[in-house]
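Student: With chain A held as given, fit chain B onto it using these hints.
Residue-level listing of the chains:
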Amino acid sequence: MKTQKKIFVSFLIAVMTSLTLGFAVFGGEFFPFSSYSMYSGSFKKTARWYTLEGLVDNNGQEQTFNFDRREFLYPFRPQEFSEAIESRIRHGQMQSVIPGVQGLVKNYNRRQALALHQGPTLHRYRLVVHRVTYGGEQGASHDEQTMFEGTL
Amino acid sequence: MKQANRWDQFWFSTSDPGDLAICRILFYSGLFFTSLIESFTSWSEAPPEFWQPVSFFNLFHIAAPSAWMILVLTVLWRLSLIFSAFGFYTRISQVVAAILSTYLYVFFYSHGFLHHPYQLFVVICLILMFAKSGEAFSVDAWRTKKTSQPSGEFTWPVKMVWVVWCLMFFAAGLAKLRNTGLSWATSENMQDILRHNIYYFSQGLGHRQVSDDWPNLFLQSPWLCQLSAIGVLSVELLSPLILFGRRPRLILVACIFTMQVGIWYVLFVDFRPQLVCYAFFLPWSRIVDCMKLGRKKYAN
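Quick mapping for you: the protein sequence lines, in order, are chains A and B.
Start counting the first sequence at 1; every next residue gets the next number (my numbering).
Start counting the second sequence at 1001; every next residue gets the next number (my numbering).
Isolated chain A, as found in the complex (with noise of 0.2 angstroms):
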């Protein structure tokens, strides 16, 4: 191997390790660096996440729909869309949530029309936040609250 090439291996070698080293001892994330900071936190602490629910006529009776799955939600997966919601909130910007969860809805409806999933005709739609903590051999206790609803 040439001595030149040795050099820019070397660099190349010592940029790559002081980036991912960089990250992984003073934290923060700038893709593909990052540092790996998943469940390295407390959980004692109360956890929170969101959930999108729709609410169906059945005959004369409402009744709730649940987005779990990826084809309702298109194209987020349940998991990616709470920490998406969650990020929008953490970033101050609380305003952008109504009109991306309206933009699912329409998405769900377009996607319905075109018989691309299975899913009921929705009525209304709810965000909801959920807080849950956990005591020990208690278990959990699981609170629900809505963020806001939205008419069709």
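To be clear, the hints were calculated from the coordinates, so they are not data collected in a lab.
Take the hints with a grain of salt, since some may be wrong.
To be verified - Computed cross-link-like contacts, PhoX-like style, restricted to lysine-lysine with a CA-CA straight-line distance of at most 20 angstroms:
| # | chain 1 | residue 1 | chain 2 | residue 2 |
| --- | --- | --- | --- | --- |
| 1 | B | 1159 | B | 1132 |
| 2 | B | 1159 | A | 2 |
| 3 | A | 6 | B | 1159 |
| 4 | B | 1132 | B | 1146 |
| 5 | B | 1132 | A | 5 |
| 6 | A | 2 | B | 1132 |
| 7 | B | 1002 | A | 6 |
| 8 | B | 1145 | B | 1132 |
| 9 | B | 1145 | A | 5 |
| 10 | A | 6 | B | 1132 |
What the hints assert, rightly or not - Non-contacting residues of chain B with respect to chain A, defined by C-beta distances greater than 10 angstroms in every case (computed):
| # | residue |
| --- | --- |
| 11 | 1003 |
| 12 | 1026 |
| 13 | 1046 |
| 14 | 1141 |
| 15 | 1146 |
| 16 | 1238 |
| 17 | 1249 |
The C-beta atom is built at its ideal place from N, Cα and C for all residues, glycine as well.
Tutor: Below, chain B alone, put in the same frame as chain A:
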């Protein structure tokens, strides 16, 4: 001088071109099959309010690409992965694969969420972009009829993958210490994580392919939770030792493999796409020699 020699010995000691070539074939094939799981074009249909550019998309204020552009880039990307695996115009294919992997995954993650398993793929692509991995077991080698001699050219990319791989686990261990401290492993934290995951996945939020028998078994035995938490943190923090000798490498790689399988069964976090990275730890030339020897013995 001694340090320089050690540096040279670690990164540039000669190795067979076949070792890196087999890693190339397995890695790009694995990445190709993983690429089929995610439809990047579907993300063009996400409402624009969810667009949250990260990494260089954010740095250079790159706008969301159109559906057509994503479709074309995805086709090119998959082709580059196939070409790289077969070693067809290897250098160009690897450069295209690295650039497009970075671009498409950054686009994918610019919607407010992040999955960690794919980051390592992109880093490895960026490393292989500079590697001469098409010198053996490739269409290029077959066309040029060139036989490459063992060289340091085939060693440093594999060692570089070792470094980024172990630093990924080291970073995860360090993040636990930074965010929670030693109590991450010494308290009932692991039981809380298990309770959270069982509950979270039972709400239909995550896609789970294994039953919750395993996490329940762990939940019933606090000592098992405690032991596994200490084990995970220790293995993660000790992972850089894989760079210091064959024995620690053998032990730690086996421990990390067990840990990843355990995490899949107990915490439902699917690390299967990452399994292909273990190819970089196997002594391929020795395996091939053993197979040849075995075949000879069988023939005799």
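Student: If a hint holds in the structure, say so; if it does not, say that too.
Tutor: We went through each hint and held it up to the structure:
1. B:1159 x B:1132: holds (14 angstroms)
2. B:1159 x A:2: holds (18 angstroms)
3. A:6 x B:1159: Distance ~14 angstroms between residue 6 of chain A and residue 1159 of chain B Cα, so the pair holds.
4. B:1132 x B:1146: Holds, because 13 angstroms separates the two Cα atoms, which is no more than 20 angstroms.
5. B:1132 x A:5: holds (12 angstroms)
6. A:2 x B:1132: holds (14 angstroms)
7. B:1002 x A:6: Given that 20 angstroms is the threshold and the Cα spacing comes to 17 angstroms, the pair holds.
8. B:1145 x B:1132: holds (16 angstroms)
9. B:1145 x A:5: violated (24 angstroms)
10. A:6 x B:1132: Satisfied, since the Cα-Cα distance of roughly 13 angstroms is no more than 20 angstroms.
11. 1003: holds (12 angstroms)
12. 1026: holds (20 angstroms)
13. 1046: Residue 1046 of chain B not clear of chain A: closest Cβ-Cβ about 5 angstroms, inside 10 angstroms.
14. 1141: With a cut-off of 10 angstroms, residue 1141 of chain B remains clear of chain A, as the shortest Cβ separation is near 19 angstroms.
15. 1146: Non-interface label on residue 1146 of chain B holds, nearest chain A Cβ at 17 angstroms vs cutoff 10 angstroms.
16. 1238: Correct as stated: the minimum Cβ-Cβ distance to chain A is 14 angstroms, above 10 angstroms.
17. 1249: At about 18 angstroms from chain A, residue 1249 of chain B clears the 10 angstroms cut-off, so the statement holds.
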